[in-house]
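Heads up: the protein sequence lines correspond to chains B and Z, in order.
Per the numbering used here, the first sequence starts with residue 1, numbered consecutively.
Per the numbering used here, the second sequence starts with residue 1, numbered consecutively.
In case anyone wonders, no lab produced these hints; they're calculated from the structure.
Using N, Cα and C, we set each Cβ at its ideal position, and we do this for glycine too.
Misleading hints may appear alongside valid ones.
Claimed, not checked - If you anchor each label on the Cβ, the simulated ranges turn out as follows:
#, chain 1, residue 1, chain 2, residue 2, range
1, Z, 19, B, 181, 34 to 44 Å
2, Z, 194, B, 71, 42 to 52 Å
3, B, 75, Z, 131, 48 to 58 Å
4, B, 204, Z, 24, 50 to 60 Å
5, Z, 131, B, 71, 48 to 58 Å
6, Z, 119, B, 132, 53 to 63 Å
7, B, 168, Z, 169, 38 to 48 Å
What the hints assert, rightly or not - Listed below are several chain B residues computed to face chain Z (Cβ distance under 7 Å; list not exhaustive):
#, residue
8, 78
9, 92
10, 104
11, 107
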Amino acid sequence: MTATAIHARGLGKDFGAIRALGELDLEVREAEFFGLLGPNGAGKTTTVHLLATLLRPTRGTARVAGHDVVREDLETRRRIGLVFQETTLDRDLTVEQNLRFAARLWNLPGRVAGPRIDELLAQFGLRERRRDAVRTLSGGMRRALDIARGLLHEPRVLFLDEPTAGLDPRARRSLWELIQRLRSASGLTVFLTTHYVEEAEPCDRVAVLDRGALAALGTPAELKRAAGVSSLEAVFLARTGRPLAESTAA
Amino acid sequence: MRAIGGIVARELLRFLRQRGRLVSSLARPFVWLVFAGAGFATVFAGAGAIDYRRYLAPGLLGMVVMFGSLLAALSTVTDREAGVLRMVLVAPIRRSTVALGKTLGATLLGTMQAVAVAVLLLSLLQLWPGPAGLLLAFAAIVLSGLALGALGLVLAATMRSIENFAGVMNFVVFPMLFLSGALYPVRRLGPWLHVLVHVNPLAYGVDLLKHALLAEWAGTGYGGEMPPALDVAALLVFAAAGLAIAAALLGREGGVTRTAFRSPA
Chain B
1 MTATAIHARG
11 LGKDFGAIRA
21 LGELDLEVRE
31 AEFFGLLGPN
41 GAGKTTTVHL
51 LATLLRPTRG
61 TARVAGHDVV
71 REDLETRRRI
81 GLVFQETTLD
91 RDLTVEQNLR
101 FAARLWNLPG
111 RVAGPRIDEL
121 LAQFGLRERR
131 RDAVRTLSGG
141 MRRALDIARG
151 LLHEPRVLFL
161 DEPTAGLDPR
171 ARRSLWELIQ
181 RLRSASGLTV
191 FLTTHYVEEA
201 EPCDRVAVLD
211 RGALAALGTP
221 AELKRAAGVS
231 SLEAVFLART
241 GRPLAESTAA
Chain Z
1 MRAIGGIVAR
11 ELLRFLRQRG
21 RLVSSLARPF
31 VWLVFAGAGF
41 ATVFAGAGAI
51 DYRRYLAPGL
61 LGMVVMFGSL
71 LAALSTVTDR
81 EAGVLRMVLV
91 APIRRSTVAL
101 GKTLGATLLG
111 TMQAVAVAVL
121 LLSLLQLWPG
131 PAGLLLAFAA
141 IVLSGLALGA
151 LGLVLAATMR
161 SIENFAGVMN
171 FVVFPMLFLS
181 GALYPVRRLG
191 PWLHVLVHVN
201 PLAYGVDLLK
211 HALLAEWAGT
221 GYGGEMPPAL
231 DVAALLVFAA
241 AGLAIAAALL
251 GREGGVTRTA
261 FRSPA
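Isolated chain Z, as found in the complex (with noise of 0.2 Å):
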C-alpha cells in the first residue's frame, strides 16, 4: 500500500512541479467553451431548449478528466525512456500494484483538474445542480479518471516510445471526444458509431455528468441519453478491464520489460 502512495505522490510531485501543464490544463475547456461554443451554438438544434455552453458543460469537464488521466497514465512510456519504470520494476512489488497505482496517480491528476475546472466553469455559467447533482458528478469524474487512466495505461505499456504520442492523439484522443456526446448529442449519429460510441469509456463519463449536471433538461432531451446505472457499470468494466490488461502488460516479459531492459540480442 505504501508502494501505491508513493506512486501516486509522484505523479502529483512532478505534475505540480510544471506549471506549463497546469495552465494549459486548466485553460484548455475555457479555450474550447469561448470558440467551439461560440461556433456550435449556431448550428445547434436544442437552441431553444438549453443554451449551448451549458449544454456543452459536462463535455468539457469529461474533457478535462481526459487529458488530465489519459495523458498522465501515458506518462508510463516517458518513465520507460528516462529509466525511472525499471526503479519501479525492481521493487518488490506486484506488476499489478505498478498498474494500480499508476491509475490511481492519473485518476487523482484527472480529478484534481476536472474540480478545479467545475468551480469555474459552473460559476461561470450559472450552473447549479444542488448537492446531489454535485455528488453524482463528482463520482462520474473519479469513475471517469479511473477508466480512462487505465486506458492510458494499456496504451502506454503497448506503446514504445513517445514518438506515437501524435498517433493517439489523433485516434484515440479526438475519435473519443467527438463520439462521447460532449459536443452533441450521440443519439442522431448513424448505427456505425453508435457502435463506437458504446465502447467509448468517455461517451458513459460524459452521459453521467449530463445526468449530474443538466438533470433540469432532462425533458427535452438534452440531458443524459443512457440510464446512469448503465453509465456506472461500464465505467467500472472498463477500469477494470484496464487495470487487468495493463497489469498483464507490464509483467510480460518482452513487453515493457524488455524495452526497459534492453537486452543484448
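Pulled out of the complex, with its shape left as it was, chain B reads as follows (with noise of 0.2 Å):
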C-alpha cells in the first residue's frame, strides 16, 4: 500500500466574497510527481498556500506529510519545502549567504548545512557562484537556488509553484530537466502547479483545476483517452469548454 502524502477533504477557501477554491478533494501518493493544471485565477496558488498553511480554510482539512494544516503548521512546514512563483531570495546576499540564512532558519546545525549545501550547490550547478550576489545572477539561475533553497532540509513534499513564469525558453527548458531529475530523487513527492500544458504532460497524475474547481483528474493518459482527445489541452477544452491558452491570457 502507498502512503498518502497529501490529503485534502473539502478544502476552500474564500477571500471576502470570492470564493477563490470551491470544495477540493484531493489524494496525492508518496514519491508521485503531481501536477496541477489550470489558467491564472483557477486557484492554484491558493491551493498550494492552504497545503503550505500559509493561508487558513475557510472549509475542509487538509492532510500533509501526516500532519493537520491548521493544528499541526510548524510539523507541516518542517517537512515541506515550496518554491513561490517569484522569488524569495536576498538579492544583496551571496548564493552561499542565501542557503545559510535558509538553513538557519530550518535549525540545521552548521555541520549538517555545509555538506548539504555544498551537494546541492554541485547538484544545480551553482558551486562557481557561490561567492557571488544573487543580484548578479541570472534569473534561471535564481530559479534553481530558489528550488535548492526549498530542498535544503530534505522535504518530504516540495511545492513548485509556477516553477518556469517568467523564464525565458532555454532556462525553462534546463530547469525542466533539473525537476525531472529531481523526480527521479528517491521518495520526494512533487507538488507542481502550471498553466504550462507541456509541463504537465510528464506527471504521474494531473489535476485540471478551473475556476476554484476540480474538472478532471487522472494520469495524462487517462485523461486524454477519457475524453478521447489527444493532448492535455484538448481535455482542458473538452472539460471547461473553453481554451486553457485563451483563459490564460483573460
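Hints are included, so try docking the two chains, each in its own frame, into the full complex.
Set out below in C-alpha cells:
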C-alpha cells in the first residue's frame, strides 16, 4: 500500500465574497509527481498556500506529510519545501549566504548544513557562483537557487508553484531537466502547479483546476482517453468548454 | 534559537554590505552636533550650567539608536516587497520568533552604531561619566534599541509599502525626536505635549542616557528629568508590548501574510 503525502477533503478558501477555491478533494501519493493544471486565477496558488499552511482554509481539512495543516502548522512546514512563483532570495546576499540563512531558519546545525549546501550547489550547477551576490545571477540560476533552498532541509513534499514562470525558453528547458532529475530522486513527492500543458505531460497524475473547482483528475493518458482527445490542452477544452491558452491570457 | 540567530546575522550582513548606510549613520549625529549644536547653543537657557554640546550628547546617542533600530526594523517592509519575508514565514518557526529575531537584529544594529558614535562623541566633548555611568549608558542604549526596534516592527507590519516611509519620518521620527528631550528639557513643554512625551519611548531612552552621562549636572536641572527606574520600566513595557503586537500582526492572515502572498482575489 502506498502512503498518502497530501490528503485534502472539502478544502476551500474565500477571500471576502470571492470564492478562490470551492471544495477540493485530493489525494497525492508519496513519491508521486503530481501536476495541478489550470489557467491563472483558477485557484492553483491558493491551493498550494492552503496546503503549505500559509492560508487558513475557510472550509474543509487537509493533511500534508501526515500532519494537519491548521492544527500542526509548524510540523507541516518542517516537512515541506515550497518554491514560490516569485523569488524569495535576498538579492544583496551571496548564493551561499542565502542558503546559510535558510539553513538557520530550518534549524539545521552547521555541520549538517555545510555538506548539504555543497551538495545542492554542485547538483544545481551553482558551485562557481557561491560567493556572488544573487543580484548578479540570471533568472534561471535564481530559480535553481530557489529550488535548492526549498530542498535544503530534505522535505518529504516539494511544492513548485509555477516554477518556470517568467523564464526564457532556454532557462525553462534546463530548469525542467533539473526538476525531472529531482523527480527520480528517492521518495520525494513533487506537487507542481502550471498553466503550461507541456509541463503537466510528464506528471504521474494531473488535476485540472478551473475557477476554483476540480474539472478532471487522472494520469495524462487517462484524461486524454476519457476526453477522446490527444493532448491535455484538448482535455482542458473538453472539460471546461474553454481553451487553456485563452483563459490564461484573460 | 538558531532561527533567531539566522535572522540577526542576516540583518548584520546586510548592514555591513551597505556602505552608504554605515557612513551616514555614523556621520549624522556629528552633523547635528555641529549645526544644531551651534544654533541652539545661542538660545539655550542653561548655558551657565552646562555647555550645550555636552547637554546634546545623550540626545544624539538616543537619535543614533532611533535611526539605527527603528529603521532596521522598518526594513521588514523591504523584505516583504523583495519576497524574503515569504521565505521566513514558510520556515517552521512561530511568528513571535520572527518578531523577536527582527527586533533583536534591530537592537544589535542600533547598539553597534550608538557605541561607535559614543566613543567618538564622548572623547570629542571630553565627557567622562565613569564606569558606572558608561554601564548605565550602555543599558539605556540596548533598552532603547529593543523598544524602538519593536515599535519599528509594528509600523512595518502595518505599512503596505516603503512609499509610506516619508510619512513615518514626518509623523513618527521627527515628533519622537523633538518630544524626547534630546534637544531641550521637556519639563517646560505645555501639558498636552507633556502627555505625548510620556508615550514616547525615545523620551525614556534619552532620559536614562542623561542620568548616565550628565549625572554631574543633575542638580542644575539639566540631567535626567524622570526617575531612572521609571525609564527602565517604560522601555521594557514598550519593548514587550511592541513585540506582542508585532507578532500578532505578522501572524494575522490578511495582514502581512496576505500582502506577502498576494492572493488571487
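Pairwise beta carbon distance, residue 131 of chain Z to residue 71 of chain B, judged against the given window 48 to 58 Å: For residue 71 of chain B against residue 131 of chain Z, whose Cβ atoms are near 53 Å apart, the range 48 to 58 Å holds.
Does the hinted range 50 to 60 Å hold for residue 204 of chain B and residue 24 of chain Z at CB? Holds: the Cβ-Cβ distance is about 56 Å, inside 50 to 60 Å.
38 to 48 Å as the expected CB spacing between residue 169 of chain Z and residue 168 of chain B, which holds or is violated: Holds, since residue 168 of chain B and residue 169 of chain Z (Cβ atoms, about 41 Å apart) stay within the stated range.
Interface hint for residue 107 of chain B, Cβ within 7 Å of any Cβ on chain Z: holds, 5 Å
Could you see if the CB distance from residue 194 of chain Z to residue 71 of chain B stays within 42 to 52 Å? holds, 49 Å
Starting from the hint 48 to 58 Å, judge whether the C-beta atoms of residue 75 of chain B and residue 131 of chain Z obey it. holds, 49 Å
Against chain Z, with CB atoms and a cut of 7 Å, does the hint on residue 78 of chain B hold up? Holds, about 4 Å.
Hint check, residue 92 of chain B versus chain Z [nearest Cβ-Cβ separation less than 7 Å]: holds, 6 Å
Satisfaction of the residue 104 of chain B interface hint, Cβ to chain Z closer than 7 Å: holds, 3 Å
Between residue 119 of chain Z and residue 132 of chain B, does the beta-carbon spacing fit 53 to 63 Å? This hint is violated: roughly 35 Å between Cβ atoms.
For the pair residue 19 of chain Z and residue 181 of chain B, does the Cβ-Cβ distance stay inside 34 to 44 Å? Roughly 41 Å apart at Cβ, these two residues keep to the hinted range, so it holds.
Comparing the model with each earlier hint shows a violation of hint 6 alone; every other hint is respected.
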